[in-house]
Amino acid sequence: MKLDVIIPFKDAEIHLPNICADLEKQNFKNFTVHFVSDHSIDDSLTYLDREFSFEHKIYESLEDGPGAARNLGITSSSNQYLLFIDADDRISPNYLSRFEQVAAATAPDIIECMYQSIDTDGNVISGTNLESFISPDDRFMALVYGDVPRLSWGKAYKRSHIENQNAYFPDNIHNGEDHIFLLKAYKGSAHIEIICEQLYSWIRHSHSLTNRAPTTKTVEDFVKVGELKAELLELTPSDTSVDEDKLLKFSRRTFKEARMLTSKIKSDSIDSEKLISELQSLIASSNTLDLVCETLRNDSTSYWQDIMA
Amino acid sequence: MGTFVKKTKKLILHPKKFFIDRQRKIDAAKLVPSIQQKPQAAPQKKTAAKQAPPKPNPNLKVYINSSFTESGKLFQHVKNIFGKYVNLHIGDYRFPKSDVIFDISGRIYSAELSSPAENNILVKGFLLATPKETPSHSESKFNSTFVELIHKINVEHMKSISDFNLLYKYYEDRPERNENSQVKYALSAGIYESDIISKAIGILENPATLHQRDLIFTFKKVYRVLGTEQRLESIANKFAAIVKKEPFPTDFLMLLAAFFTESGDFKRALEMANLAKSKDAASWSKHRYLGLAHLIYSAGLSEELAVKQDHDLYLSLTRNEWEFENYLYENCRSLAVVGNSPIELSKRKGEAIDSHSKVVRFNSAITDYPHCLDYGKRISVLITNPRYYETQRNRKHELDFILISDGNLFSTKDLFYKVNDLAPFSNKICLLPRKVDLKLTQKICASPSSGLKFLTWLYEINGLISEKSLFGFSLTDQAHGIATSYSGGRKVGLNTIHNWSSEKIHLEQLVLKDEAEVFSK
Numbered sequence: 001m002k003l004d005v006i007i008p009f010k011d012a013e014i015h016l017p018n019i020c021a022d023l024e025k026q027n028f029k030n031f032t033v034h035f036v037s038d039h040s041i042d043d044s045l046t047y048l049d050r051e052f053s054f055e056h057k058i059y060e061s062l063e064d065g066p067g068a069a070r071n072l073g074i075t076s077s078s079n080q081y082l083l084f085i086d087a088d089d090r091i092s093p094n095y096l097s098r099f100e101q102v103a104a105a106t107a108p109d110i111i112e113c114m115y116q117s118i119d120t121d122g123n124v125i126s127g128t129n130l131e132s133f134i135s136p137d138d139r140f141m142a143l144v145y146g147d148v149p150r151l152s153w154g155k156a157y158k159r160s161h162i163e164n165q166n167a168y169f170p171d172n173i174h175n176g177e178d179h180i181f182l183l184k185a186y187k188g189s190a191h192i193e194i195i196c197e198q199l200y201s202w203i204r205h206s207h208s209l210t211n212r213a214p215t216t217k218t219v220e221d222f223v224k225v226g227e228l229k230a231e232l233l234e235l236t237p238s239d240t241s242v243d244e245d246k247l248l249k250f251s252r253r254t255f256k257e258a259r260m261l262t263s264k265i266k267s268d269s270i271d272s273e274k275l276i277s278e279l280q281s282l283i284a285s286s287n288t289l290d291l292v293c294e295t296l297r298n299d300s301t302s303y304w305q306d307i308m309a
Numbered sequence: 001m002g003t004f005v006k007k008t009k010k011l012i013l014h015p016k017k018f019f020i021d022r023q024r025k026i027d028a029a030k031l032v033p034s035i036q037q038k039p040q041a042a043p044q045k046k047t048a049a050k051q052a053p054p055k056p057n058p059n060l061k062v063y064i065n066s067s068f069t070e071s072g073k074l075f076q077h078v079k080n081i082f083g084k085y086v087n088l089h090i091g092d093y094r095f096p097k098s099d100v101i102f103d104i105s106g107r108i109y110s111a112e113l114s115s116p117a118e119n120n121i122l123v124k125g126f127l128l129a130t131p132k133e134t135p136s137h138s139e140s141k142f143n144s145t146f147v148e149l150i151h152k153i154n155v156e157h158m159k160s161i162s163d164f165n166l167l168y169k170y171y172e173d174r175p176e177r178n179e180n181s182q183v184k185y186a187l188s189a190g191i192y193e194s195d196i197i198s199k200a201i202g203i204l205e206n207p208a209t210l211h212q213r214d215l216i217f218t219f220k221k222v223y224r225v226l227g228t229e230q231r232l233e234s235i236a237n238k239f240a241a242i243v244k245k246e247p248f249p250t251d252f253l254m255l256l257a258a259f260f261t262e263s264g265d266f267k268r269a270l271e272m273a274n275l276a277k278s279k280d281a282a283s284w285s286k287h288r289y290l291g292l293a294h295l296i297y298s299a300g301l302s303e304e305l306a307v308k309q310d311h312d313l314y315l316s317l318t319r320n321e322w323e324f325e326n327y328l329y330e331n332c333r334s335l336a337v338v339g340n341s342p343i344e345l346s347k348r349k350g351e352a353i354d355s356h357s358k359v360v361r362f363n364s365a366i367t368d369y370p371h372c373l374d375y376g377k378r379i380s381v382l383i384t385n386p387r388y389y390e391t392q393r394n395r396k397h398e399l400d401f402i403l404i405s406d407g408n409l410f411s412t413k414d415l416f417y418k419v420n421d422l423a424p425f426s427n428k429i430c431l432l433p434r435k436v437d438l439k440l441t442q443k444i445c446a447s448p449s450s451g452l453k454f455l456t457w458l459y460e461i462n463g464l465i466s467e468k469s470l471f472g473f474s475l476t477d478q479a480h481g482i483a484t485s486y487s488g489g490r491k492v493g494l495n496t497i498h499n500w501s502s503e504k505i506h507l508e509q510l511v512l513k514d515e516a517e518v519f520s521k
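Note that the protein sequences, when read in sequence, are chains A and B.
Mapping of the first sequence onto our numbering: residues 1 to 309, in sequence order.
Mapping of the second sequence onto our numbering: residues 1 to 521, in sequence order.
Check each hint, because a few of them may be wrong.
To be verified - Below, computed lysine to any residue pairings styled on SDA-like, alpha-carbon distance capped at 20 Å: (1) B/Lys97 x A/Ile118; (2) B/Lys132 x A/Asn94; (3) B/Lys132 x A/Asp138; (4) B/Lys97 x A/Ser135; (5) B/Lys97 x A/Ser132; (6) B/Lys349 x A/Val124; (7) A/Lys25 x B/Ser364; (8) B/Lys61 x A/Ala104; (9) B/Lys97 x A/Glu227; (10) B/Lys132 x A/Met114; (11) B/Lys141 x A/Ala104; (12) B/Lys159 x B/Lys132; (13) B/Lys97 x A/Glu60; (14) B/Lys97 x A/Val124; (15) B/Lys97 x A/Lys25; (16) B/Lys61 x A/Asp221; (17) B/Lys132 x A/Ser97; (18) B/Lys428 x B/His397; (19) B/Lys349 x B/Asn326.
Said to hold, decoys possible - Some residues of chain B that are not near chain A, with every Cβ distance over 10 Å (derived): (20) Gly106; (21) Asp400; (22) Glu467.
It should be emphasised that the hints constitute simulated quantities derived from the structure, not laboratory data.
Where is the CB? At the ideal position from N, CA and C, for every residue including glycine.
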């Protein structure tokens, strides 16, 4: 079996040598790496223009954002299973071999491994919550309610499954695009296998996307992702039969995340009032989120007041 | 005035007071037990608190799938073993059934659980958990914790099911192995290889290095393998001096006395027996050895019933052994020896077996229908291990002889009771000769099976045994902890300590192959 590894990057010149070294150390060798540049302006492409012990291809994304770069990786590759790796993260030498073993054994739709979140000094900050990871609960709903992290890396996807589910990253969304891809991939009754080993290291750089101060784009992406989720879960005004319990839980989760975003805006942004006002305005004007807003307006929790008041 | 009259008078004259007083007495009686129970409850609580095992470190968590086995016994066993060292979580998890996941302070390790259970009985020969990948000790403290936990769990598992054979092999590569532990596990596993016995002798020569309990165990085992060989005799002489200065249990003193009886050092034997008696007046009837009893009785030192019984039995067993040798010699031309291996099933050899003038069988030896079709019905001699639990249920009367396969006149304790159990089935009971057992044990470096011991004796009397007179001998369908028989099927979890591969090699030297078969080869 041959695997496709997709690595989107933007100005990753300082990180690429590390991940390339990890890929060279893999004890499974039958894979192709697809490096997809998201308009890099540093010397990343120059670095990649060399021989590695593994087969690799380089692409330039025409669209903006990591999601579009990953989509280009998906459509440009053809092997049975594909895996995403972030250019600034690290993998263990048996990363690909363990995925290949599981894929060969039971041909699941999705394979997940565990990760560790590590700071740049090598200190372990956090990692996969083992009990959630091994829980037999519905993974799709766990993703909806945020019980498991919404990360596209640390997993292998069967290509035919991705194509059948039409699971691609949404266009022009730079924050939370993983959520939508994962919900599409996990929707239905996907056959999931897990590897109870911490094979992926998520390196938490101070300048990484998740640590940057929120902007108008962050706020817009948040609402857009919320709308896409509501559509996927069939919780919009145009849906004829709505699961009330699911609607309540999803609404609370969405607003809980909105509250977390406002906290981050308040702590990290210079123009916090403007951004919060934009967030309120976008939520209020979203027809797709009408049911969500309606539900929380009458809810016993304080979420509505916390965000919209 | 009697109580009854008093009470009746009170009931008639003051009925209200009668009932009030009666109720008071009932209430008071109810209070008494609770008052009495209180002091009892307190020590119970205290005992329970004392016995509570230490709680495992909260940072050591282990996850096991509830469906990992269908065996209730294995499930409980795993719960008990793991529960001693880690916080065990059992549930319906997403990982494979046979996996076990360790969470050591956030670091994750996986191992595979074996399934050492058959028919809800724990089977020997398997470790309980094996790491999927063995991490190096040096990499992190968590790695060493994981490796150490797996080690403890497996050792606990082996010990709890008395799998000394595996324990011995397991410790072969372990850094903490020392000579004492190697010898202890080998002897417990019935591994009597010459280097183990040499090391055991070395240990016995320096008794200060060993705990008294282990010292006695090692002596007993070496005595079982070497008999009264000169190497052990000098050690026994040393012990004879030590036991006079240091406190040793009386059963060991009596064993030493039995040893010296067998070695012919009667003076020292009586000295040890008298020392035991000086410590415990009842020791001669508590720890009974036939040879020693014969010596004590012949020396006129005791008229105790137990000593007299053992003396009589000693004489009768010795005489019967001689008679049985003659019996074998006279009947060797038409003697069928029928083992219990299932290899004869559906071969319809029953008639051929029964056509022999004498038929020898072992232990359970079921001859009921339909087994008799393949294994025959007649039985002239039963060779049995008195510990064998089926002997009493498999009553066979009017036997020519019963042979006790596990026991001898000198070192076997309490043989009287074992023989007594078998007395209703034949008045001719004898033992397999001690010299056959010792020679064979030293040759195959393990405790020999009853079948091999008997065939070796037969060989020593009559020479090569015709293959045509042997039935139900396979020696290949059993393994450590497993026994097979045509009537009982496969039995697992047993303490069988026979070395079947060595037995097979030895058996081939005793048997005369069918000529046609020899020619065809």
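Outcome of the hint check:
A C-alpha spacing of about 31 Å is found between B/Lys97 and A/Ile118, which places the hinted pair above 20 Å, so the restraint is violated. Pair hint B/Lys132 plus A/Asn94 holds up; C-alpha atoms about 13 Å apart against a cutoff of 20 Å. For the suggested pair B/Lys132 and A/Asp138, the alpha carbons sit about 27 Å apart, so the restraint of at most 20 Å is broken. The suggested pairing of B/Lys97 with A/Ser135 holds, with an alpha-carbon distance near 13 Å, which does not exceed 20 Å.
Proximity of B/Lys97 to A/Ser132 is assessed by CA-CA distance (about 17 Å); at most 20 Å being required, the pair is judged to hold. A C-alpha spacing of about 72 Å is found between B/Lys349 and A/Val124, which places the hinted pair above 20 Å, so the restraint is violated. Distance hint between A/Lys25 and B/Ser364 is unfulfilled; the C-alpha atoms sit about 62 Å from each other, more than 20 Å. The straight-line distance between the Cα atoms of B/Lys61 and A/Ala104 is roughly 30 Å, outside the 20 Å bound, and the hint therefore fails.
Under the criterion of a C-alpha separation no larger than 20 Å, the hint pairing B/Lys97 with A/Glu227 is inconsistent with the structure, at around 39 Å. Our distance criterion of 20 Å between C-alpha atoms is met by B/Lys132 and A/Met114, whose separation comes to about 16 Å. A threshold of 20 Å between alpha carbons decides the hint, and for B/Lys141 with A/Ala104 the separation of about 34 Å lies outside it, so the pair is violated. For the proposed pair B/Lys159 and B/Lys132, the alpha carbon gap of about 23 Å is over 20 Å, so the pair is violated.
For the given pair, B/Lys97 sits about 45 Å from A/Glu60 by alpha-carbon distance, which is inconsistent with the 20 Å threshold. A distance of roughly 29 Å separates the Cα atoms of B/Lys97 and A/Val124; the hinted pair therefore is violated under the 20 Å criterion. A threshold of 20 Å between alpha carbons decides the hint, and for B/Lys97 with A/Lys25 the separation of about 31 Å lies outside it, so the pair is violated. For the proposed pair B/Lys61 and A/Asp221, the alpha carbon gap of about 39 Å is over 20 Å, so the pair is violated.
Among the hinted pairs, B/Lys132 with A/Ser97 is consistent with the structure: their alpha-carbon atoms are about 14 Å apart, no more than 20 Å. With a C-alpha separation of about 11 Å, the suggested pairing of B/Lys428 with B/His397 holds against the 20 Å cut-off. Distance restraint check for B/Lys349 and B/Asn326: the Cα-Cα separation of roughly 28 Å exceeds the 20 Å cut-off, and the hinted pair is therefore not satisfied. The claim that B/Gly106 is not at the interface with chain A is violated, since a C-beta of that chain comes within 10 Å of its own (minimum 6 Å).
The claim that B/Asp400 is not at the interface with chain A holds, since no C-beta of that chain comes within 10 Å of its own (minimum 62 Å). Distance to chain A confirms B/Glu467 as a non-interface residue, since its nearest Cβ pair spans about 49 Å, more than 10 Å.
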